[in-house]
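Residue numbers (my numbering), protein chains in the order written: chain E, 4 to 95; chain H, 173 to 407; chain F, 34 to 787.
Don't read these hints as lab results, they were simulated from the structure. Possibly wrong hints are sitting among the right ones.
Said to hold, decoys possible - Pulled a few chain H residues facing chain F out of the computed Cβ check, cut under 10 angstroms:
{"id": "1", "residue": "His193"}
{"id": "2", "residue": "His196"}
{"id": "3", "residue": "His197"}
{"id": "4", "residue": "Gly224"}
{"id": "5", "residue": "Cys381"}
Computed from a prediction, not measured in an experiment: that's the story for all the values here. By construction, the Cβ of each residue, glycine as well, lies at the ideal position given by its N, Cα and C atoms.
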Amino acid sequence: MYKATIAITLRPSILDPEGKTLQHALTNLGYDEVDQVRMGKQAEVWIDAESEAEARRVATETCEELLANPVTENFDVQIESVPREAAKQGTA
Amino acid sequence: MPARFGVVVFPGSNCDHDAYHAAHHVFDQETRFIWHEEESIGDVDVVIVPGGFSYGDYLRSGAVARFSPVMQDVVRFAEEGGLVFGICNGFQVLCEAGLLPGTLMRNESLRFVCKDTPLRVENADTPFTNGLTEDQVVTIPISHGEGRYYADEDVLARIEAHDQVLFRYSTADGEVTDDANPNGSARGIAGLVNEAGNVCGLMPHPERCVESLLGGDDGRLIFESLLAHVSTVAA
Amino acid sequence: MPETLPQPPEVDRALALDHGLTSDEYDEILDRLGRTPTFTELGIYSVMWSEHCSYKNSTALLQTLPTEGEQLLAEVGEENAGLVDVGDGKAVAFKIESHNHPSAVEPYEGAATGVGGIHRDIFTMGARPICALDSLRFGSLEASRVRYLFDGVVRGIGDYGNSFGVPTVGGEVYFEDAYEGNPLVNAMSVGVVDTDRTASAAAETPGHPVVLVGATTGRDGIHGATFASAEIDEDSEEDRPSVQVGDPFTEKLLLEATLEAIREGVVAGIQDMGAAGITSSAFEMSASGGTGMDLYLDRVPTRETGMTPYEILLSESQERMLVVCEPGDEETLAEIYGKWDLNAQRIGTVTDTGRVRAHWGDDEVAVLDPAHVAGDDVPVYDRDTERPSYLEETRSFEASDVPDLEAADVEDALTTLLGSPNIASKRWVHEQYDTMVRTNTVVAPGPSDAAVMRLKGTEKGLAVKTDGNGRYVYLNPRRGAKIAVAEAARNVTCAGGTPVAVTNCCNFGNPNNPEVYWTFAEAIGGMGDACRALGTPVTGGNVSLYNEHPEGAIYPTPTIGMLGVVDDLHTQPTTAALRSEGDVTFLLTPRGWTHPDRLGGTEYLSTVHDRVAGDAPPLDLEEERAVQAATQALIRDGLVQHAHDVSDGGLAVCLAESVIHSDGLGLEATLPGAGRLDAALFGEAQSRVVLSTRPDDEASLETTLAAHDGVQAHRLGPVTPGGLRLTVGADTVLDASPETLAAPYEGAIPDAVT
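Could you build all of it, start to finish, from the sequences and the hints given here?
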């Protein structure tokens with residue numbers, strides 16, 4: 004069993020009002036060194052695959068097909084091997 | 173000749189009844205709901221992909237809806253030249269499905285906004301706008317949290333070159349300004365058609381303003397355009 | 034097979050007290066059972082005997098309210114919401130409910146689940162919700178925590194309602210320091226059902242399957258009801274796990290599936306799972322039906338592993354309902370709910386045992402009498418009352434304690450009031466709500482005293498409003514509550530409706546404090562008087578006590594949700610916006626009325642002089658009824674161009690608001706003078722309506738009014754091309770441009786939140 008941690012981020016050219024608002028809020032809190040904030044989302048996908056390469060292929064496909072919008076978003080896939088039970092923890 | 177309307181219903185659609193009410197009760201046209209699991213849209217002249225929160229708008233507005241069985245047939249219908257009209261969430265679905273260029277992102281204000289908006293007509297020579305005149309200003313309400321139209325510069329240039337923009341957010345006098353833009357849409361775009369001109373996406377809700385009792389009826393002009401077009405084609 | 038569970042804790046008095054039960058209540062349980070309750074049973078008693086579920090501190094008072102009316106179809110307390118026959122084969126289900134404590138801790142989810150919960154109450158009756166209203170109270174917007182709560186609550190209401198697809202068409206928002214640590218979030222839903230298609234909340238027939246429908250069950254919200262019945266303290270932020278998370282998408286599916294199931298005739302009884310989840314629905318349905326239930330908890334579809342029977346029974350996971358049906362219909366239920374991607378799992382059977390028995394595998398984990406847990410045998414308390422000492426001080430105020438306004442300062446005072454967040458435009462709020470979805474909104478929030486909705490398929494509409502001025506109730510609980518009813522009715526009247534029935538939400542502090550309980554008792558007394566006088570029975574509602582925080586109790590705040598019927602949707606809806614230049618405006622008042630020199634409780638006194646003092650404005654219910662009857666008659670006769678009730682900010686604000694709402698039109702008005710200038714302009718004397726008529730209709734207006742004893746109309750002046758010009762006696766005291774009025778009115782709230 005593999006767990007794919009997928010970071011979906013806005014492409015650099017895309018306006019991110021949420022990130023801009025948060026950057027502004029952080030400046031107000033005194034974090035003058037914070038120069039830029041970009042918001043994105045993270046998906047955790049458990050994949051029952053034979054190999055890490057196979058898991059990566061499946062994860063990448065899910066992004067291209069559904070999880071990310073190619074017009075506005077980039078994605079990055081991290082794969083780790085996890086014990087089978089780990090996938091059943093938490094929500095079902 | 174009357175037109176036959178089909179209104180697609182996804183789980184989470186909530187303007188489906190409004191589109192049905194407008195087409196059927198107000199304009200007295202044959203209208204049916206098309207459940208998202210149906211594989212054929214049946215014999216219709218116009219498919220409306222209505223507003224709402226299909227599949228809860230989870231992930232991205234419209235992202236999940238495009239994979240439903242009915243959408244495969246809507247794509248076929250569109251490719252064959254059938255009239256497809258996506259309103260609000262329906263616009264988002266059509267973009268996700270690749271029937272329209274660009275995408276719709278979260279409003280620049282980061283807030284949902286529901287209000288009447290003046291729109292300037294950009295192209296009055298389509299099946300959706302033939303009853304209007306260029307530069308006319310109509311008032312139609314918006315109601316969305318993710319209505320900021322985005323496409324990259326090349327795509328925008330192509331859309332403009334092909335005269336695909338139908339409506340821009342404007343002042344009551346027809347000026348397209350930043351203040352009149354309620355969501356940060358690129359070039360104030362509120363609605364557009366595909367290159368062939370048979371698929372339209374519109375963020376504002378014309379189906380909400382077809383009866384003067386509810387405070388305005390400029391939306392009638394769009395429905396009347398569709399009816400005029402269908403009867404011309406049939407004639 | 035159910036999982037093996039860890040051994041539950043030993044039940045003793047200390048554990049009962051930890052659960053929020055009193056020592057006396059624990060004795061009552063021991064006495065009643067003749068044994069020590071199981072851990073699960075203790076959990077059941079603790080939630081069902083919380084104020085939120087049992088109304089143990091309020092039943093005695095609420096029973097004094099008028100609940101009879103020929104149009105009422107449901108008995109109070111028997112069903113999830115009031116049901117009013119509006120003719121043409123249609124009934125209206127409506128109810129208001131609080132979600133104060135959850136919203137104080139997590140404003141977004143607290144408000145969202147409040148909206149979800151009240152809509153479920155409506156569609157469990159078979160009614161499709163057609164609109165929502167929200168009555169909100171916050172502290173001063175100057176506090177950053179208050180801005181955070183305000184923003185979160187508004188987003189929560191908007192995101193839930195917008196996605197669910199029911200327009201949010203009105204309500205009110207007040208900002209007072211008294212609500213700083215304990216905001217009030219009261220949500221009202223209004224639904225429509227064909228009178229022959231209503232559903233009941235009783236489990237009446239032994240042998241009927243019991244089916245759990247909707248979402249899966251998780252650990253969210255366990256002890257939410259108990260939490261809602263405790264005072265908020267510094268640690269409440271730590272209680273976040275108790276707050277449920279809403280899913281409007283699932284609720285939309287649940288709505289469509291439930292209405293379909295009721296339409297198909299496969300629902301014998303249905304109850305929403307709000308507070309206390311499966312427990313409340315199972316015990317209440319059994320108590321209403323005089324039956325019992327056998328429940329098999331290991332059949333409940335869960336979304337988390339290792340849940341105990343205790344957790345399953347007390348979970349407040351949202352978007353679930355309990356249905357009982359004829360044997361054999363559970364397959365049809367499963368088909369209908371399955372079509373909408375929802376569970377419909379049989380979890381038990383209605384019995385004639387008079388006991389709800391909860392099983393876990395072969396074990397019985399709870400066996401309790403529904404009447405004792407949720408029925409007529411629940412403890413009821415008469416609390417001690419004592420007139421609050423603060424009233425000595427507040428009542429000692431006289432208008433002469435503050436200097437009268439100079440004519441030169443009128444514009445400043447008026448613009449200050451228009452920029453007070455209590456009076457200023459709430460556009461920032463309602464533009465975040467979908468106010469139009471389902472195309473029934475005839476009059477949306479903004480330029481009207483009440484929202485007007487159409488009833489598709491008829492010529493009729495509904496006028497709906499929530500109201501409740503907590504400051505008035507603080508200064509005079511009995512009178513303040515009367516005013517809340519009278520003003521809500523007046524608003525509905527001004528919008529073109531006839532008030533028919535009331536739902537109430539009683540927000541008060543700790544009932545064990547005799548001074549708090551006195552305000553509660555007085556307010557209920559006043560509410561009853563007003564509802565009787567105005568012919569608007571109370572169809573149900575909700576009580577929220579323990580609204581306190583370290584700095585003190587909230588203002589006692591009974592919120593009134595008023596339902597009115599608009600007989601002719603094409604001619605009667607009326608707004609506060611002026612219509613045509615040359616129209617003539619009148620001030621309609623009780624006969625013989627003159628301006629009193631009173632400022633007690635006014636927004637003017639609070640905003641300009643920073644004083645919350647005096648007595649609430651006097652109100653004579655017979656006078657009120659006469660003014661409303663006359664207004665209704667004038668509207669019916671087609672003589673009214675605009676109408677606006679005189680309320681917060683007095684006559685000057687009433688007139689200014691109409692000018693602000695009327696692009697390109699204004700007013701010239703000569704006010705009945707004499708006495709103090711501030712009281713004439715900004716006094717909040719009750720039973721007053723400003724309305725206009727076409728110049729040609731002046732004579733007809735006089736004729737109609739002649740048939741109404743007890744009212745008089747003072748001619749104020751003409752509708753002009755713009756601005757507001759006010760004359761008091763012989764002196765012009767104001768000549769303001771539309772921009773002067775609109776700038777503070779439109780800008781106040783956006784400026785305060787950014």
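Going down the list of hints, with the structure as the test:
no. : hint   : result
1   : His193 : holds (6 angstroms)
2   : His196 : violated (12 angstroms)
3   : His197 : holds (8 angstroms)
4   : Gly224 : holds (6 angstroms)
5   : Cys381 : holds (9 angstroms)
When the structure is compared with the earlier hints, a violation turns up for hint 2 alone.
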